[in-house]
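Engineer: Each chain is listed here by its residues.
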Amino acid sequence: MSLYFTKEHEWLRVEGGVATVGITDYAQAQLGDVVFAEVPAAGTVLAKGKEAAVVESVKAASDVYSPVSGTVTEANAALEGDPALVNTAPETEGWFFKLTLSDPSELDGLMDEAGYKSFVATL
Amino acid sequence: MSMNTVGRVTRLSGAPATELPGGITFTGNRALMLEEPLIFERGAVDRCGVDLPEVPAVASRLGTLGRTAPIDLPGLSEPEAVRHYTRLSRQNYAIDLGIFPLGSCTMKHNPRLNEKMARLPGFADIHPLQPQSSVQGALQLIDVLATWLMRLTGMPAVAMSPKAGAHGELCGMLAIRAALEARGDARKVVLVPESAHGTNPATAAFCGYAVENIPANARGRVDVDALKARLGPDVAAVMITNPNTCGLFEPDMVEICAAVHAAGGFVYCDGANFNAIVGRVRPGDLGIDAMHINLHKTFSTPHGGGGPGSGPVVLSEALAPFAPLPFVRKSKDGFELVEEELAGPNSQSFGRMVAFHGQMGMFTRALAYMMSHGADGLRQVAEDAVLNANYILASLKDIYTAPFAASGPCMHEALFSDDFLHDTGLTTLDLAKAMIDEGFHPMTMYFPLVVHGAMLVEPTETESKASLDQLIGAMRSVAERMLESPDDFRTSPHLAPRRRLDETAAARKPVLGYKPPLSDAA
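Chains as they are written, first to last, in our numbering: chain A, 1 to 123; chain B, 1001 to 1522.
You can trust all of the hints, since none of them are fake.
Distance condition first, Cα-Cα at most 30 Å in a straight line; then the derived DSS-like pairs of lysine-lysine: (1) B:1163 <-> B:1116; (2) B:1465 <-> B:1116; (3) B:1188 <-> A:7; (4) A:50 <-> B:1228; (5) A:50 <-> A:7; (6) A:7 <-> B:1228; (7) A:48 <-> B:1188.
Just so you know, the hints here were simulated from the structure itself, not pulled from any lab data.
Being a predicted model, the structure only gives us computed values, none of them experimental.
Could you build the full structure based on these sequences and the hints that come with them?
Structural biologist: Below, the structure written as structure tokens:
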């Protein structure tokens, strides 16, 4: 199992050939209270860096980008009824979607946890 | 503690007014600051403000569909109803009460002369279906206003029917799509810079285009190189807001338009901020193809809840044939409202956007505003609006973080960020709430998105120096006190009729209708 991060504040946990994607604790703190999350349906084909989901807080609506290319296998249905999960458990129960990796080499361009921490420290 | 008939506490929901020797008042009122319950609590379903005749017995044709439960409308006498809404109106904020510094939306004084003109029976009491021969004056007014708009923008055509800004965007983008389709060109992408209005990408997506962002540069303007690099045979249009949402003029418009045209695309300009350049810059000279003009912003017609919008769209030579129906045309017998055009230059119209032709009341107000200002007056509108915004920027940039102040003067709005509050744990939201206690409508917050914790202030030309000094004084004082004793501001506002509302709960669990208290329902 490996954990990756993007500069757009998504995290990605890879287990086998399947990656789980969500937004980081830093991102949820910046967004403020999340009131709505729109996640992609299973079967959606996502391209690396393109809009994959939408998260709306009391401040603003923001896009969530897919850190890698692949096909969605599952969306987190719990977010529909309880978008607050993104605030309370951003890196666990508040995940957005799972996808199969179409190009595992795309992982090479992502940050690890230490790299992301030092990136956030510069903001 | 005083209660109303349904057990709701009628005092102000804030902390008790401890400065009063006797604590809180019996009524919950604070002198002229009057508490007011909901209309359902004021009235009663078994009362009625007027005597209505008995309903004659008629056979129901609804069968089982007829309503059996009472409709539960609250009954109030006329003075009760008048007082209810008057009391609520006193808890509201309006341009008639003070400066409305919402950036990104020009909120200026609505001159009373406009209102007088709009109420002339020949404009106010006409019906859209009456014979055209009987509304020649109204049609002429639309034609004169159209001429002014074309003159001010340096554009050869204008579509008057769109009902507001975003509707105008839709009109412009539909014209662009029609022009592309007419030449058999199926371009699929619309480029939208980060500094554009939020409605722009929504409009492009609604028209079926894929939207791609173009980043802003460090000076808050469109990154021209990034834009040029993305242009190609798949790009239908670029949508640019100028002046942009950072309150900055896009200086490279001529170069951008030339590059987009060379690549076979069109340029849509969001004209929401036209107030900053009216009389000074003609968008047609910059090379744009379509731009909407918010009459309810630049030309002072009532805005928001105060009145309907109106968003005429000026069009270039290339787009003019695709303008929507209906439109006013001058003919030898006077003016005609063209509802259908099967042949001739307008036969390529993309169709109709509205049932009737635009907002007559707004047309009248906008033309009254233009004619009372004259060409020199409209130029001074832009100059004073920009001067006022720069006065605010210059007066506050030593304490507020002003991200783009180093790149020169702003246009019609001053942009700040909450970086200066970083160590206090306070944010733009807390500052906006504190401004409510100061008796101001807060500025736009958290927009544009390119700036962290944005605060966007647009004073408009309406405000005098004394009025600006009041706002600046309040913003400065609030900022100083927030830095000094941050904890005092985490629960602002403290003096408003309602304390800080739970916006999260309101968004997550909205209650959109009146629910009687549980004790009644049981």
